[in-house]
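Chains as they are written, first to last, in numbering that gives the first Met the number 0: chain E, 0 to 154; chain V, 0 to 631.
No wet-lab data here; the hints were simulated from the structure. These numbers come from a predicted model, not from an experiment. Treat the hints with care, since some could be wrong.
For lysine to aspartate or glutamate, the following EDC-like pairs were computed, each having C-alpha atoms within a straight-line distance of at most 16 Å [unchecked claim]: (1) V:K378 - E:E133; (2) E:K12 - V:E428; (3) V:K458 - V:E193; (4) V:K157 - V:E131; (5) V:K482 - V:E506; (6) V:K198 - V:D445; (7) E:K16 - V:E421; (8) V:K395 - V:E251; (9) V:K109 - V:D124; (10) V:K298 - E:D83; (11) V:K463 - V:D177; (12) V:K120 - V:E93; (13) V:K378 - E:E143; (14) V:K438 - V:E203; (15) E:K2 - E:E143; (16) E:K18 - V:D269; (17) V:K358 - E:E82; (18) E:K16 - V:E428; (19) V:K284 - V:E369; (20) V:K460 - V:D470; (21) V:K226 - V:E421; (22) V:K284 - E:E151; (23) V:K298 - E:E133; (24) V:K70 - V:D16; (25) V:K482 - V:E156; (26) V:K109 - V:D87; (27) E:K16 - V:E424; (28) V:K261 - E:E5; (29) E:K18 - V:D266; (30) V:K433 - V:E209; (31) V:K109 - V:D88; (32) V:K284 - E:D150; (33) V:K395 - V:E256; (34) E:K12 - V:E424; (35) E:K18 - V:D265; (36) E:K2 - E:D49; (37) E:K46 - E:E113; (38) V:K214 - V:E193; (39) V:K261 - E:E133.
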Amino acid sequence: MFKRSEEHARFFKELSKDKRVFQMEFDLWYLCFLVGVTKGRREGLTKAVDMIGYFPGRYSAQEGVLLAMLLRAELSAKGVGLEDRTAVQSVVDHLIDPATRPPLTSAGFRAFNEYAAGGYEILREKLMGEPPREPSTFLVSYSEVMNQTVDEARY
Amino acid sequence: MEISILGWKSFGLRCPDISLDLAAGGKLDSIALVQMPNGTGKTTTLELIKACLDGSAERWGRGKVLGFQRKHNRVHEGSFALNIKLDDDRLTIEIAFDFQEGCCGYRTSKASEGGVRDGWKIPVDLRAYCTEQFINLVVFDGELAGRLLDRKQTEAEKAIDALCDLDFLIEGIPAWADSLWRDAKREGALSDIEISRIKKSIDEVQEQKEKLEHKLQTAQRALEEGKSKRQDLENQRSTELEKHEELKKNHEYAEREHRQAKQRLDDSIDQLMTKLVEPASTFIKIGNSLAALKEGLDKARLPEVSSRQFFEEIVEQDCCICGTPFNDQMRGHVREQMGQYLSSETTSVLNVMKDSIVKAVSPNGPEVVEFEMVLSHMKSALQDSYKASQRASQAKSHYSGPGAEEMRGIEQKIGQLTGQIEAAERMVEQLAPKLQSVKSRQDALDEQLAEAQDAKRLKQKVSKLKQICSDAVGLVRDNVKGKMLDDCNKMLPLILKDNPVQLKRIEGAVQLADQDNASVGQTLAVGYVFLARLFAYATHNFPFVVDSPVGSLDNSVREQIGRLIPSLGRQFVAFTISSERTGFVPGLEGAAGDGIAFLTIQRSDRDLNQAALLWGREAFYTFHSDKEEGDV
Numbered sequence: 000m001f002k003r004s005e006e007h008a009r010f011f012k013e014l015s016k017d018k019r020v021f022q023m024e025f026d027l028w029y030l031c032f033l034v035g036v037t038k039g040r041r042e043g044l045t046k047a048v049d050m051i052g053y054f055p056g057r058y059s060a061q062e063g064v065l066l067a068m069l070l071r072a073e074l075s076a077k078g079v080g081l082e083d084r085t086a087v088q089s090v091v092d093h094l095i096d097p098a099t100r101p102p103l104t105s106a107g108f109r110a111f112n113e114y115a116a117g118g119y120e121i122l123r124e125k126l127m128g129e130p131p132r133e134p135s136t137f138l139v140s141y142s143e144v145m146n147q148t149v150d151e152a153r154y
Numbered sequence: 000m001e002i003s004i005l006g007w008k009s010f011g012l013r014c015p016d017i018s019l020d021l022a023a024g025g026k027l028d029s030i031a032l033v034q035m036p037n038g039t040g041k042t043t044t045l046e047l048i049k050a051c052l053d054g055s056a057e058r059w060g061r062g063k064v065l066g067f068q069r070k071h072n073r074v075h076e077g078s079f080a081l082n083i084k085l086d087d088d089r090l091t092i093e094i095a096f097d098f099q100e101g102c103c104g105y106r107t108s109k110a111s112e113g114g115v116r117d118g119w120k121i122p123v124d125l126r127a128y129c130t131e132q133f134i135n136l137v138v139f140d141g142e143l144a145g146r147l148l149d150r151k152q153t154e155a156e157k158a159i160d161a162l163c164d165l166d167f168l169i170e171g172i173p174a175w176a177d178s179l180w181r182d183a184k185r186e187g188a189l190s191d192i193e194i195s196r197i198k199k200s201i202d203e204v205q206e207q208k209e210k211l212e213h214k215l216q217t218a219q220r221a222l223e224e225g226k227s228k229r230q231d232l233e234n235q236r237s238t239e240l241e242k243h244e245e246l247k248k249n250h251e252y253a254e255r256e257h258r259q260a261k262q263r264l265d266d267s268i269d270q271l272m273t274k275l276v277e278p279a280s281t282f283i284k285i286g287n288s289l290a291a292l293k294e295g296l297d298k299a300r301l302p303e304v305s306s307r308q309f310f311e312e313i314v315e316q317d318c319c320i321c322g323t324p325f326n327d328q329m330r331g332h333v334r335e336q337m338g339q340y341l342s343s344e345t346t347s348v349l350n351v352m353k354d355s356i357v358k359a360v361s362p363n364g365p366e367v368v369e370f371e372m373v374l375s376h377m378k379s380a381l382q383d384s385y386k387a388s389q390r391a392s393q394a395k396s397h398y399s400g401p402g403a404e405e406m407r408g409i410e411q412k413i414g415q416l417t418g419q420i421e422a423a424e425r426m427v428e429q430l431a432p433k434l435q436s437v438k439s440r441q442d443a444l445d446e447q448l449a450e451a452q453d454a455k456r457l458k459q460k461v462s463k464l465k466q467i468c469s470d471a472v473g474l475v476r477d478n479v480k481g482k483m484l485d486d487c488n489k490m491l492p493l494i495l496k497d498n499p500v501q502l503k504r505i506e507g508a509v510q511l512a513d514q515d516n517a518s519v520g521q522t523l524a525v526g527y528v529f530l531a532r533l534f535a536y537a538t539h540n541f542p543f544v545v546d547s548p549v550g551s552l553d554n555s556v557r558e559q560i561g562r563l564i565p566s567l568g569r570q571f572v573a574f575t576i577s578s579e580r581t582g583f584v585p586g587l588e589g590a591a592g593d594g595i596a597f598l599t600i601q602r603s604d605r606d607l608n609q610a611a612l613l614w615g616r617e618a619f620y621t622f623h624s625d626k627e628e629g630d631v
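With the rest of the complex left out, here is chain E (with noise of 0.2 Å):
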């Protein structure tokens, strides 16, 4: 089950009403996800609220992305390196459920939310606490935030 913080959602709260722009939670979650997981932060989730179990509408189409970012981000996250196949598999084996739709453990889901939050955090500070109010003002700041974070990053 994907899952957000209650914090996050009070966060986010005057920008979730703009339903034209933000028409589900997930997109919230998400731009918090990818933050998070180009960043390779994760956070611990406290006093979580489900939210869905499946990649939902716009989101399903990039499932295989998606569970990519997650494998590079944790296999970086654990010093593993392509070469060794073992442990590689050992990872892919901790995080993907080939018989569950999507194809993730309890793990994969607790990583994916973990990194959410991750993202939630630096967004949170760099806005310096402020809930945003605007959607477009708020994905200007977005947009500048993840441009450093991908440039941050060390791939």
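Fit chain V to the known structure of chain E by using the hints.
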């Protein structure tokens, strides 16, 4: 049921061994006088008869059991068996002693059922009476009759309680109810103070809730009114605009410009979001890292088992891996057959992942330039939208020409209302969750109060139950006392013809109408009559087994008592010493005739552990041995 003592057997105990059959002569006399001098086991025998009837030996400890062992020539085992007649059936209750282990146990046999059963197996319909309290009224010493009239004691009332088994109402049910209350208290039942505290909290929370509800209603009303007024003003504005062509044109132009700028902004936002949803193609570094991941997985030959990609790559070659040149037919065959060799599910997930990467990462590199363009376009659209909004606001506040004044006024009001509406919306948003929280707290307190009140109701019920039991005891006692008074007062003149007395009341003890002037004999007679009448209420007819029925009374009184006994209407087994013969036995014989069994028991000269049993009146009267060795 008619219950009579038939006899007893004793072996290996501190009282001499004996086998006594009160019906040995072929008939069971209603009166049996058992003369046992001091030291021949009278007290022990009575104690054991009582234990057979009330089952109390089950609770004897080691010390008590060993106390029944012989002082000389000790044996390891002993027994005492009481034979009882129950209408036409016979019951034997035996207490078996194991002096090595220091314990004892019962064995019961019933003639109608055959066999011997371990345990104290009194018939079910007798059990209610075979309690220690009641049996104390069956097997008693002669002083009980006097104690029934002793104002300092409550023996008469206790006797009624025992007969009616009121102990269940006096002790049993109240104790059980108290234990329920104690358990409830342990589980958190609350006192009145706690209930008051909860009620006070409920009142405070209710007040809080009402205030919040009032605020919320006010905010909601303000919001509705604000929206309604704004709508009216907007309608008014439209109407005004219709009146003034120039104004309308300027207004529409500003609004259109603003709308268009907003639309451009919305479009650029959508484009940006679309880019962000495709990160591999949007950010070059992400795309490259995923491509590297895919390459690494390929090199590591992960997944292990062949994938569709593997076969596709093979058939694209000129030759098969075995070296055979491919033709189209062979390629078709491979594609048809490759399904048999495709991978497990995990493998397919990895392959889907790799396929996604391939599709997402454009061969010409990620569309990062396009992302920057979209972002730049969005920033520009944002600025434009802001400016257009500003211009629209300015246009509204700088209306000129006819109708401008009115329009400016309307726009100003709309602006103010919009501010108020937004404030009201924020207020509603803040208050709604607070109100919900207060309502939840109120529900929790209501539940707490209900639990506490349930506990209080439990306490009230416990008190009520105890009161009912107490009232029931009172009613039963009053009922029985009333009947006893009537019965005794009817019987007494028949028995004490020369010195009749009447009962006044039964309060704790039996009280005579003229107690201060009642003689010892009268008092004792009343006691026996009371017991006899009391036993008449019992379902079954129990015997009296009395130790020293006349004890230290003088001869005239003894004679009175002696004459009284046969009229009690039940088996009377009296244990006497020789000094009680005078007065009592003649009085008894005078009333009972020859319906008396005379027995004399003493320790055998040859073996002190054996009893010598002498039957008959002569032996009874001529026996002189009153050895003062102390009761055994």
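Outcome of the hint check:
1. For the given pair, K378 of chain V sits about 13 Å from E133 of chain E by alpha-carbon distance, which is consistent with the 16 Å threshold.
2. Distance hint between K12 of chain E and E428 of chain V is fulfilled; the C-alpha atoms sit about 11 Å from each other, no more than 16 Å.
3. For the suggested pair K458 of chain V and E193 of chain V, the alpha carbons sit about 14 Å apart, so the restraint of at most 16 Å is met.
4. Distance check on the hinted pair: K157 of chain V and E131 of chain V sit about 12 Å apart at the alpha-carbon level, within 16 Å; holds.
5. In summary, the hint linking K482 of chain V to E506 of chain V is supported, as the alpha carbons are separated by about 14 Å, within the 16 Å threshold.
6. Between the alpha carbons of K198 of chain V and D445 of chain V the distance comes to roughly 9 Å, so the proposed pair stays at or under 16 Å and holds.
7. As the CA atoms of K16 of chain E and E421 of chain V are separated by approximately 14 Å, the hinted pair is consistent with the 16 Å bound.
8. For a cut-off of 16 Å, the pair hint linking K395 of chain V to E251 of chain V stands: about 10 Å separates their Cα positions.
9. Between K109 of chain V and D124 of chain V the alpha-carbon distance is near 14 Å, which keeps this suggested pair within the 16 Å criterion.
10. Proximity of K298 of chain V to D83 of chain E is assessed by CA-CA distance (about 11 Å); at most 16 Å being required, the pair is judged to hold.
11. Distance check on the hinted pair: K463 of chain V and D177 of chain V sit about 12 Å apart at the alpha-carbon level, within 16 Å; holds.
12. Proposed proximity of K120 of chain V and E93 of chain V is supported: the alpha carbons are some 10 Å apart, at most 16 Å.
13. A hinted pair counts as satisfied when its Cα atoms are at most 16 Å apart, and K378 of chain V with E143 of chain E qualifies at roughly 11 Å.
14. For the given pair, K438 of chain V sits about 12 Å from E203 of chain V by alpha-carbon distance, which is consistent with the 16 Å threshold.
15. With a CA separation close to 25 Å, the supplied pair K2 of chain E and E143 of chain E exceeds the 16 Å bound.
16. The straight-line distance between the Cα atoms of K18 of chain E and D269 of chain V is roughly 12 Å, inside the 16 Å bound, and the hint therefore holds.
17. Proximity of K358 of chain V to E82 of chain E is assessed by CA-CA distance (about 24 Å); at most 16 Å being required, the pair is judged violated.
18. Straight-line distance between C-alpha atoms of K16 of chain E and E428 of chain V comes to about 12 Å, which keeps the hinted pair within the 16 Å bound.
19. About 15 Å separates the Cα atoms of K284 of chain V and E369 of chain V, which keeps this hinted pair within 16 Å; it holds.
20. Restraint check for K460 of chain V and D470 of chain V: satisfied, since their Cα atoms lie roughly 15 Å apart, inside the 16 Å limit.
21. Under the criterion of a C-alpha separation no larger than 16 Å, the hint pairing K226 of chain V with E421 of chain V is consistent with the structure, at around 10 Å.
22. The straight-line distance between the Cα atoms of K284 of chain V and E151 of chain E is roughly 10 Å, inside the 16 Å bound, and the hint therefore holds.
23. For the proposed pair K298 of chain V and E133 of chain E, the alpha carbon gap of about 47 Å is over 16 Å, so the pair is violated.
24. With a CA separation close to 13 Å, the supplied pair K70 of chain V and D16 of chain V stays within the 16 Å bound.
25. Under the criterion of a C-alpha separation no larger than 16 Å, the hint pairing K482 of chain V with E156 of chain V is consistent with the structure, at around 14 Å.
26. Proposed proximity of K109 of chain V and D87 of chain V is supported: the alpha carbons are some 11 Å apart, at most 16 Å.
27. Between K16 of chain E and E424 of chain V the alpha-carbon distance is near 13 Å, which keeps this suggested pair within the 16 Å criterion.
28. Taking the CA atoms of K261 of chain V and E5 of chain E, the gap is about 32 Å. The hint is violated against a cut of 16 Å.
29. Of the supplied pair hints, the one linking K18 of chain E and D266 of chain V holds, its CA atoms being roughly 14 Å apart against a limit of 16 Å.
30. Distance restraint check for K433 of chain V and E209 of chain V: the Cα-Cα separation of roughly 12 Å lies within the 16 Å cut-off, and the hinted pair is therefore satisfied.
31. For the hint linking K109 of chain V to D88 of chain V, the alpha-carbon distance of about 7 Å falls within 16 Å, and the restraint holds.
32. Only pairs whose Cα atoms come within 16 Å are accepted, and K284 of chain V paired with D150 of chain E is accepted, the gap being roughly 8 Å.
33. The hinted pair formed by K395 of chain V and E256 of chain V meets the criterion: a straight-line CA distance of about 13 Å does not exceed 16 Å.
34. Proximity of K12 of chain E to E424 of chain V is assessed by CA-CA distance (about 14 Å); at most 16 Å being required, the pair is judged to hold.
35. For the given pair, K18 of chain E sits about 12 Å from D265 of chain V by alpha-carbon distance, which is consistent with the 16 Å threshold.
36. A C-alpha spacing of about 5 Å is found between K2 of chain E and D49 of chain E, which places the hinted pair at or below 16 Å, so the restraint holds.
37. A hinted pair counts as satisfied when its Cα atoms are at most 16 Å apart, and K46 of chain E with E113 of chain E qualifies at roughly 13 Å.
38. The hinted pair formed by K214 of chain V and E193 of chain V fails the criterion: a straight-line CA distance of about 31 Å is larger than 16 Å.
39. Simply put, K261 of chain V and E133 of chain E have alpha-carbon atoms about 13 Å apart, close enough for the 16 Å limit, and the pair holds.
The structure fails to meet hints 15, 17, 23, 28, 38 from the earlier list, while all remaining hints are met.
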